[in-house]
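K.L.:
Letter by letter, the chains look like this.
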Amino acid sequence: MVRVLVPSGALGLNYDKTALARGIAARPDIIAIDGGSTDSGPAYLGQGVSKYARASTKTEWRGLMEARAEADVPLVIGTAGTCGTDSTVDWMLEITEEIAAEMGTHPTIAVLRSSQDPAAMAEAFAAGRITPLSYAPEVDAAGIAACRNIVALAGAEQVAKALETGADIVICGRTTDAGIIAALPLVRGCAPGAAWHGGKIGECGALCASNPQSGVILVDVDEEGFTITPLADGAHATPRTVSAHMLYENNDPFILHEPGGHLDVTGAVYTALDDRQVRVTGSRWVPAERYTVKLEGARLAGYQTVLIALLRDPHYVAQARAWADEIEGLCTEKAAARLGLAPGEFTVELRLMGQDASFGPLERQASSAGEIGVLGIVTAGTQALAEEIGRILNPYLLHHPLTREEEQPTFAFPFSPAEINRGPVFEFCLNHVLHLDDPMDAFRLEVIAGG
Amino acid sequence: MDRLGTVAEKIRSKNAGPFCLTIDIFCGSAEAYARVVRGLATAQVAVALGTNGEALRRFDMPDLQVVKFSLPRPEVQGSIRDRDMHGASWAALLAELEI
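First to last, the sequence lines map onto chains A and B. Just so you know, the first sequence maps onto residues 1 to 451 in our numbering. Just so you know, the second sequence maps onto residues 452 to 550 in our numbering.
The hints are simulated quantities; they were obtained by calculation from the structure and are not laboratory data. Computed from a prediction, not measured in an experiment: that's the story for all the values here. Any given hint might turn out to be false.
[To be verified] Stretches of chain A that chain B covers, calculated by requiring three or more beta carbons in the stretch to come under 8 Å of a beta carbon on chain B:
| hint | stretch |
| --- | --- |
| 1 | 240-249 |
| 2 | 362-374 |
| 3 | 422-430 |
[Stated by the list, open to error] Derived DMTMM-like pairs (lysine to aspartate or glutamate); straight-line CA-CA distance at most 20 Å:
| hint | chain 1 | residue 1 | chain 2 | residue 2 |
| --- | --- | --- | --- | --- |
| 4 | B | K465 | A | D39 |
| 5 | B | K465 | B | E482 |
| 6 | B | K461 | A | E249 |
| 7 | A | K17 | A | E66 |
| 8 | B | K519 | A | D252 |
| 9 | B | K465 | A | E249 |
| 10 | A | K51 | A | D90 |
| 11 | B | K465 | A | E363 |
| 12 | A | K51 | B | E482 |
| 13 | B | K461 | B | E526 |
| 14 | B | K519 | A | E249 |
We put the CB at the ideal spot given by N, CA and C, even for glycine.
Work the whole structure out from these sequences, hints included.
P.N.:
Pasting the structure below:
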């Protein structure tokens, strides 16, 4: 049996310290935590930066490094720094070395890098070694070469290689969420279906149990199945909470694609061991004919300037959509004329908060709001251009009348200047897999020996 | 006729990666599950979400008393026209459907 201690769904979300101490007392074989996801959007991958504060990351990571030292087992983080680029791996390594120095310890650190060279990926695409998954966006070799950052998602094989080095701490670039949990059980000969299913159920920490905010759980994997044990006071796993986690952020609740194959939980049986623990058997791992890893890529989509205005006059609140549509049209026309731009070179969009900002034309509820927030979004090829168009939009948001006859209205601006430059904006442009002869072909492993 | 949100115990929506959305309807009882399975047409859900019926996948899961829908994201997550980075609000469109 291999016991994996998962402190929380992500480093930066905090964990229950008492529950973590309980987990260490239960003598785990490894501590595994995820550090990222695409869920916060393309900007983190585009810029190669972490979403969470450095101070939060350091505080929580220090707690885990101390727990690791006490348990004397490996500590592994997957997708370090939200996006798992080499730059965020370096950031995590710097934080780790800083903490080790403060603790007066010298752990051996293995670093698994997942960043890919866009030019090399463009060549791989041209050579047919990159193929699309469902709903992949249209992309060509030039589009891939233009990516700011591309990462490949490592699975259990690459994490296992890093663990084989005997490192105390393993910092991984982009990895699948389940891969860091499944790796050691797979190496030690546990059932592959159980290792991967346990990995998927455990990836969000205690989200598969009651009291999901508490974070800490144990995933015990063996030759037959796995057992989930939440460790916080009052946290209970039930067959229902555990099986329901296969639904979470998963397109198909029975199938999970991973490097080298897929997990099929159609025949999984969930049994309550007591009022806290759940045992799962019958999960099946189906190896793929070809070994592939998923790619994520982000490229520049333009630069944005946003403006915020508030409508409080009931006459304007009632006719806000017509007012906004008119401004979008007038501003677009004026910006094109004064700046000599073609229609496709920029966009001006007004979203009405309190009315239709969530769904636009799909909204069916009539708004009963007494005020409406107007979010003006300008996107263009450079920041200077976006700001210039924002300045053309500004007087419309301040004074545009619904009719020519009325006295000129004025609307509320919360800020001066009204234009807020958002900088570069990015877009995800890959939902593809890279075909590999050897799982390590797209990844680089480095060991920094301790003392 | 009742709103789906009052019949089901909980409805949640979330990204399933940057290119898909998934919406889980937790019915909470066998009775509510039977009512949702019977009363909620896939075509009705497709119209509410602004997608076509072919792109919408439906999973009726009696053991969990869950009806799940997955679909390609109407706008890719974080693209210029996307309004909801985490796909958090889409559940509301289903909660407001009458069944």
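K.L.:
Take the C-alpha atoms of A/K51 and B/E482, compute the straight-line distance between them, and say whether it is at most 20 Å.
P.N.:
violated, 43 Å
K.L.:
Is B/K519 within 20 Å of A/D252, Cα to Cα?
P.N.:
holds, 9 Å
K.L.:
Confirm or reject the coverage of the stretch 362-374 of chain A by chain B under the rule of 3 or more residues with a beta carbon closer than 8 Å to the chain's beta carbons.
P.N.:
Holds, because 3 residues of the stretch 362-374 of chain A bring their Cβ atoms closer than 8 Å to Cβ atoms of chain B.
K.L.:
Would you mind confirming whether the straight-line C-alpha gap from B/K465 to A/E363 stays at or under 20 Å?
P.N.:
holds, 18 Å
K.L.:
Please work out if B/K519 and A/E249 have their alpha carbons no farther apart than 20 Å.
P.N.:
Cα-Cα ~11 Å, so holds.
K.L.:
Do the alpha carbons of A/K51 and A/D90 lie within 20 Å of each other, as the hint requires?
P.N.:
Distance of about 15 Å is within 20 Å: holds.
K.L.:
Take the C-alpha atoms of A/K17 and A/E66, compute the straight-line distance between them, and say whether it is at most 20 Å.
P.N.:
Holds, because 12 Å separates the two Cα atoms, which is no more than 20 Å.
K.L.:
Please verify the coverage claim for the stretch 422-430 of chain A: does it have three or more residues whose C-beta sits within 8 Å of some C-beta in chain B?
P.N.:
holds (count 4)
K.L.:
Holds or violated: B/K465 and A/E249, Cα atoms, limit 20 Å.
P.N.:
Holds - the C-alpha atoms of A/E249 and B/K465 are around 6 Å apart, at most 20 Å.
K.L.:
Mind checking the alpha carbons of B/K461 and A/E249 for me, to see if they're no more than 20 Å apart?
P.N.:
Roughly 16 Å between the alpha carbons, so the hint for B/K461 and A/E249 holds.
K.L.:
Mind checking the alpha carbons of B/K465 and A/D39 for me, to see if they're no more than 20 Å apart?
P.N.:
holds, 9 Å
K.L.:
So if I understand the rule, the pair passes when the alpha-carbon distance is 20 Å or less; does B/K461 with B/E526 pass?
P.N.:
The hint is violated at about 25 Å.
The structure fails hints 5, 12, 13 (numbered hints given earlier, in ascending order).
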